[in-house]
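> Spelled out from the first residue to the last, the chains are:
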Amino acid sequence: MITLLPAAEQVSATVILGNGPEAAAAVVDMLEEIGVLK
Amino acid sequence: MILVVVEHDRGTMSPATWEALAAANKLGETHALTIGKAADGLVEQIGVFGATTVHQVHDDLLIDYGPEAWGAVVAQAATLLSPSIVMATGTDRGNEVMAHAAAILDAPMVANVVEFADDSLVRVRWGGSLLERCTLDAPIRLLTIGHHAFPAVESPVTATASPMGVELEPNLGRTMIRERVERAAGVTLATAPVVVSGGRGVGSADGFAPLQELATALGGVVGCSRAVTNNGWRNHTDQVGQTGTRIAPDIYIACGISGAIQHWVGAMASKKILAINIDPEANMVTKADYAVIGDLHKVVPAITAEVLRRR
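As they're listed, the protein sequences go chains W and V. Numbered continuously in our numbering, the first sequence closes out at residue 38. Numbered continuously in our numbering, the second sequence closes out at residue 1311.
To be clear, the hints were calculated from the coordinates, so they are not data collected in a lab. Here a beta-carbon is modelled for each residue, glycine too, at the ideal position from N, C-alpha and C. Please note that a few of the clues may not be correct.
Here are the simulated SDA-like pairs of lysine to any residue, each with C-alpha atoms no more than 20 Å apart in a straight line [unchecked claim]: (1) V/Lys1271 with W/Met30; (2) W/Lys38 with V/Arg1309; (3) W/Lys38 with V/Arg1310; (4) V/Lys1271 with W/Glu32; (5) V/Lys1287 with V/Ala1269; (6) V/Lys1271 with V/Ala1149; (7) V/Lys1026 with V/Glu1115; (8) V/Lys1272 with W/Ser12; (9) V/Lys1298 with W/Glu22; (10) V/Lys1271 with V/Lys1287; (11) V/Lys1298 with W/Ser12; (12) V/Lys1037 with V/Gly1165; (13) V/Lys1271 with W/Glu22; (14) V/Lys1026 with V/Asp1118; (15) V/Lys1287 with W/Ile34; (16) V/Lys1271 with W/Ile16; (17) V/Lys1037 with W/Glu22.
Label-pair distances were calculated between CB atoms; the ranges are [to be verified]: (18) W/Ser12 with V/Pro1108: 15 to 23 Å; (19) W/Gly20 with V/Asp1119: 50 to 58 Å; (20) V/Gln1242 with W/Lys38: 31 to 39 Å; (21) V/Val1048 with W/Ser12: 34 to 42 Å; (22) V/Thr1079 with W/Asp29: 54 to 62 Å; (23) V/Pro1170 with W/Ser12: 27 to 35 Å.
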């Protein structure tokens, strides 16, 4: 038996780190936080 | 008892198997099945993820991967051991082997399970755009586990090896790996911890140079969307997506990529996704964990400079 599940409402949970090159520091902060940049 | 088919390549166990073992261990007593002599050294590693017994199968047809022979082994093991569930990885190999086993056993199989409920399963279909709740009504339930659906939680036990005999007809060796060709040395797109990818927004083949610099600074590799390979800017071997490589890096940095479903399917297993795009409404931006709104030609070099500055 197969039941198709209704799709949940799509709500974006994207964290906007900034606009333009000024966002670079926030990006690198994030990279450090998730352990990519040690 | 739940029997987990260990995916390995000449004795190196795939991380997806850790997830399958951990998922099985949550459901009950777990045994593992290793196919081929090359996997004999995996007993201790399998025990780390909670399997108490490792059934080892040896045969001349099992010196390397062969889907028909592996499928026959799984089918015979299922018959001999009578597990309640036979579980494998939701990888190309895992799904291929289980499909062969299901055909031999004339049993139903559910691929890419992401959730177990009391009496049902949830599986991923259509490249992740559909979730199906289904019941699997069979004496032995055959299933595979979706990518990163279950964490590889360690539950160390001392596993015991148990040799198991099977009978394989020579014709099961029709499809086997005979030769391997190394495509690239070092980190590959499929295994890189960081992938910096470019789409149509990069604008040209030369436009990938800043992406390469960022990838190098982060110890990663460069990928691309299909629009890029269609334009001849990069090789197909760099393409991420349904018709390219499916990746699962620690972070996927998608630059100037709109996020068509075919591309998303290849990138969705990434632990984190950062989208860099001038369009805040682009699919890739709204689906990503993080986003920077702006011109990638300015944003990417700024990130690289900041990475190098902090080193």
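> For each hint, tell me whether it holds in the structure or not.
Status of each hint after checking the structure:
no.	hint	verdict
1	V/Lys1271 with W/Met30	holds, 13 Å
2	W/Lys38 with V/Arg1309	holds, 13 Å
3	W/Lys38 with V/Arg1310	holds, 10 Å
4	V/Lys1271 with W/Glu32	holds, 14 Å
5	V/Lys1287 with V/Ala1269	holds, 12 Å
6	V/Lys1271 with V/Ala1149	holds, 11 Å
7	V/Lys1026 with V/Glu1115	holds, 12 Å
8	V/Lys1272 with W/Ser12	holds, 14 Å
9	V/Lys1298 with W/Glu22	holds, 10 Å
10	V/Lys1271 with V/Lys1287	holds, 13 Å
11	V/Lys1298 with W/Ser12	violated, 25 Å
12	V/Lys1037 with V/Gly1165	holds, 13 Å
13	V/Lys1271 with W/Glu22	violated, 25 Å
14	V/Lys1026 with V/Asp1118	holds, 13 Å
15	V/Lys1287 with W/Ile34	holds, 18 Å
16	V/Lys1271 with W/Ile16	holds, 17 Å
17	V/Lys1037 with W/Glu22	violated, 55 Å
18	W/Ser12 with V/Pro1108: 15 to 23 Å	violated, 37 Å
19	W/Gly20 with V/Asp1119: 50 to 58 Å	holds, 52 Å
20	V/Gln1242 with W/Lys38: 31 to 39 Å	holds, 33 Å
21	V/Val1048 with W/Ser12: 34 to 42 Å	holds, 38 Å
22	V/Thr1079 with W/Asp29: 54 to 62 Å	holds, 55 Å
23	V/Pro1170 with W/Ser12: 27 to 35 Å	violated, 56 Å
The earlier numbered hints that this structure contradicts are 11, 13, 17, 18 and 23.
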